[in-house]
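Chemist: From first to last, the protein sequence lines are chains A and B.
Under the working numbering, the first sequence has 294 at position 293, and the numbering climbs by one with no breaks.
Under the working numbering, the second sequence has 110 at position 41, and the numbering climbs by one with no breaks.
Keep in mind that the hints were calculated from the coordinates and are not lab data.
Heads up, a few of these hints could be off.
Stated by the list, open to error - Straight-line alpha carbon distances no greater than 30 angstroms define the calculated BS3-like cross-link-like pairs of lysine-lysine that follow:
id	chain 1	residue 1	chain 2	residue 2
1	A	K185	B	K238
2	A	K63	A	K185
3	B	K106	A	K392
4	B	K238	B	K205
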Amino acid sequence: MVNLQSIPSPPVHTEERAHEADHPTSLLATFGADQPLKLDCGIDLSPFQIAYQTYGELNADKSNAILVCHALTGDQHVANVHPMTGKAGWWETMVGPGRPLDTEKYFIICSNVIGGCMGSTGPASTNPATGKVWGLDFPIITLPDMVRAQTMLIDRLGIDTLFCVVGGSMGGMQALQWTAAYPKRVFSTLAIACSTRHSAQNIAFHELGRQAVMADPEWHHGRYFEQGTHPHRGLGVARMAAHITYLSDAALHRKFGRRMQDRDLPTFSFDADFQVESYLRYQGSSFVERFDANSYLYLTRAMDYFDIAADHDGVLAQAFRGIQTRFCVVSFTSDWLFPTAESRARVHALNASSARVSFAEIETDRGHDAFLLDVPEFFDISRAFLESAGKARGLTGRPA
Amino acid sequence: MSMQQQVLPLPGIVAPDTGHYRGDHLLVAEMVERGSKVLDVGCGEGDLLQLLETRGIDGRGIELSREGVNRCVAKGLAVVQGDADTDLINYPDDAFDYVILSQTLQATRQPRVVLENLLRIGRRAIVSFPNFGFWKMRIQLLVGGHMPRTENLPATWYDTPNIHFCTIKDFVQLCDEINVKMERAVALDMYGRPLRVNLPWWFWNMFGEQGVFLLSRAEKGK
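Could you build all of it, start to finish, from the sequences and the hints given here?
Modeler: See below:
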């Protein structure tokens with residue numbers, strides 16, 4: 002039989018993960034029966050909790066708060082060591098002292114989205130009604146639901162208007178949703194590598210990922226917690242497929258080419274002969290260590306449903322008509338999940354509708370993931386946009 | 070698309086330089102009514118938009134070069150990366166009071182289509198362009214026998230972005246052809262000063278280094 006090697010099985014930290022979902026290593030805002038989260042599907046989610054992190058100081062008139070919205074597989078640990086992986090925060094290139102999102106000037110908030118698995122209520126949390134993990138009993142959530150939950154957190158923090166809402170990919174979608182739904186509470190919006198709706202191709206890739214998870218026998222119709230297992234193979238495959246879409250042909254070729262992994266000749270097997278295979282397997286297995294499979298199903302679904310124009314009679318300009326928020330939309334030339342040509346056409350429509358919008362296209366071959374990487378031109382634009390918005394907002398240097 | 074490629078350090082907040090606006094920019098700004106909404110197509114580094122903002126005008130920009138867009142964003146201007154030839158189609162009719170095309174018409178692939186779009190999107194259009202009929206140009210071609218190069222148009226024929234030069238006379242003809250009404254026309258001399266109004270067209274075409282036109286849609290049938 003031909004030698005066969007599948008994705009390495011990581012240790013299943015079921016206990017640790019379940020603990021993090023209910024008792025996160027984070028700040029925590031809990032909302033009782035008197036403050037339900039009204040979901041788009043018609044259900045009131047109650048009680049629920051939001052896990053979040055903050056960096057920097059809120060100034061006296063509470064005008065320097067920036068909300069960072071994380072992407073599909075991100076979490077609230079933007080600029081601190083991750084409690085489960087021990088790795089650096091996912092956006093330390095962007096957030097920190099002297100960085101574009103300067104923690105010496107701004108008060109940065111990032112919360113785990115509703116439906117996530119790092120401490121905000123989601124399918125991995127314990128359902129208080131049954132004492133068991135929610136699993137597929139958790140209601141379907143949408144991007145507007147995530148943002149509605151964030152408004153409740155911002156209320157709890159006593160902040161009326163956010164200086165800026167920033168995010169890339171699904172985070173950028175949240176930033177756009179914030180602006181369309183609560184324009185008076187958002188002074189500026191920095192939306193990166195995202196769109197006002199999810200395309201058919203993106204939905205297709207998500208469906209591929211979900212089917213991979215559900216095809217894994219360890220999934221047990223979402224009740225894997227009770228079996229002490231986790232569908233790591235299915236989720237790993239989902240992650241591998243998704244990861245390809247976050248890169249580009251050019252970036253993959255530059256990084257790996259057809260180079261072999263620790264060998265000079267093919268092994269004539271299905272072992273990971275090529276570096277690119279080994280890399281993808283690593284991406285798959287390291288992801289499943291920290292992420293919950295059901296959460297992946299719910300969050301991809303939420304992105305699929307996202308379409309701001311659909312909520313405004315199909316006219317995008319209608320969603321942003323007459324708003325005062327300053328927009329900066331950034332896209333990357335090699336991003337094929339959210340192609341720049343599409344964003345550009347939309348931004349021109351917004352520009353005409355009266356929204357104050359800037360649009361910068363950054364040339365890079367690093368694909369969708371460029372927003373997480375060290376791309377100086379992107380940092381420069383972000384910094385400049387925030388500085389000019391800060392001037393308009395009357396922010397000066399360090400919080401008093 | 071700006072003709073003079075200035076190299077400024079990036080990034081940085083550049084304070085508005087109130088004393089040193091270009092002559093054609095001052096003239097354009099003077100043609101725009103206060104409180105109106107303006108789209109500047111090919112806005113370069115946003116100098117004109119900054120001037121307009123000081124006059125209470127709501128300005129938006131389109132700029133082809135990424136560096137230009139980045140500098141505009143740094144100045145707090147609302148500028149979108151885009152191309153006059155391909156992106157104007159995304160703008161609805163009557164979206165702006167004025168659409169400005171400053172020193173950019175000669176760099177478009179389809180000047181006629183662009184001009185038609187300007188007057189579809191805006192109720193009025195303001196177009197300025199270098200006059201290829203300017204005497205210095207004529208002399209260089211006639212006496213020197215080479216493609217003209219001036220201080221304002223320093224590029225050589227093989228690397229210039231300006232692919233559709235015209236004279237003031239040519240432009241007036243195009244306006245007639247596509248039924249555009251000229252509300253105001255001004256020629257600026259080589260020092261950026263307006264030429265006297267009561268001079269004949271041929272004089273403008275010879276001594277104007279650039280033309281600035283305020284245009285509107287002509288009534289149907291005229």
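Chemist: Of the numbered hints stated earlier in the document, which are not met by this structure?
Modeler: 1
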